[in-house]
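Modelling step: build the complete structure from the supplied sequences, incorporating the hints.
Those protein sequence lines, which keep their order, are chains A and E. Under my numbering, read the first sequence as residues 6 to 192, first letter to last. Under my numbering, read the second sequence as residues 3 to 153, first letter to last.
Treat the hints with care, as some may be off.
[What the hints assert, rightly or not] Under the rule of at most 20 Å between Cα atoms (straight-line distance), these lysine to any residue pairs were calculated in the SDA-like manner:
#, chain 1, residue 1, chain 2, residue 2
1, A, K61, E, K86
2, A, K61, A, N82
3, A, K92, A, E138
4, E, K50, A, E183
5, E, K75, A, A17
6, A, K154, E, Y19
7, A, K129, A, K61
[Claimed, not checked] Take a look, some chain E residues computed to stay more than 10 Å from chain A by CB distance:
#, residue
8, T105
9, E141
10, D149
Please keep in mind that the hints were generated in silico from the structure rather than gathered at the bench. The beta-carbon is built from N, C-alpha and C at its ideal position, and this holds for glycine as well.
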Amino acid sequence: MTERELIKKAQAGHNPALNQLLLDNYSILKGYLIKLTLQKELAEDLTQETLFKAVKKIQDYEPQGKFSTWLIVIGKNLYFDYLRKNKREGSFEEYQSASGGIRERKGPSLEEGVMNTFAVDKMKECLASLSREKRSVFILKHYYGYSYKEIAEIEQCPIGTVRSRLHNSIEEIRQAMEKEGLDGFEM
Amino acid sequence: MDSKCRETQYKILDWFYEEEGTKNWDADHVQQCRECGNYYNKLLKIEKDLPRIPLEFQASESFTRALEDQVRKERIRVEEKKEKRSFLKDLGAFPAVALFLLTAMGSLFYYDVGPSFIQVQLAGLLIFPLIVPILGAFEKKRRQGRDSYGS
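Structure representation (structure tokens):
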């Protein structure tokens, strides 16, 4: 069954369709929130809150793009609300424990586990170096392949801003990598 | 970085992230400018160092159950809201219709046509049951006529 069909059924009051729709998008939402917040516990709470909010608002949803875009917008807004209320942002240390949580779930073999640990460590260091707006754009483009247009809808900003944020993220990540000596950026 | 370099790098970025299907940057500039020439390599290095790992998360059973519960509760809440709204609609419609009828009757009496209106209604109520058997007889005759025509 396609996503559109599931949405139609969910809006018509079909509970299993709504459950399936939400669970299909659980992974992408949680992955995005973990990378954005850099805090595992917070990301889990926000994922739950986002999905519960989506359940309440499913009747108002107008399918235009991907369903995950809508969930990401809700999740991102909830996170920004949280920041406004708490006036703090995820620290690097908190993210280290979060990525520990990520690593536990990785591949079954030792080799795969080591490789993933290395990749996750790099990822967290690079993402932590970005501001939250740039981080969000970079995550959406680099990890989830959203188009500029979709990112502009999520971020509620012009496409040109998305493009320049992505460009700046690339520069900042490269600088962070150079600083950490993660890879040969001696060009 | 001047505007030419910025524009070139944006175009490389668009191509790299598949926003553009073709390489439409100024090739001469890329050959001459070291920074722009290296930009694509920078992107490749980032791609290599930050592989697009699909971090797969499975919702736990308890979470799935909690979500199902939430969906069920929400449906019940929506249904209750709908019922409440329908009840309130009925509650609003009744006084409106009653008010209309009372106003109509009041107007009839006000213009002194009330008694005659009631008389016509009563006459109708008395005559209608008397007409029914006659209408039945007419209908029977019509059917008989149609059947004989058919044969």
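Structure-based check of all given hints:
1. A:K61 / E:K86: holds (18 Å)
2. A:K61 / A:N82: holds (16 Å)
3. A:K92 / A:E138: holds (16 Å)
4. E:K50 / A:E183: holds (14 Å)
5. E:K75 / A:A17: holds (16 Å)
6. A:K154 / E:Y19: holds (13 Å)
7. A:K129 / A:K61: violated (33 Å)
8. T105: holds (39 Å)
9. E141: Answer for E141 of chain E: holds, closest chain A Cβ roughly 46 Å.
10. D149: holds (50 Å)
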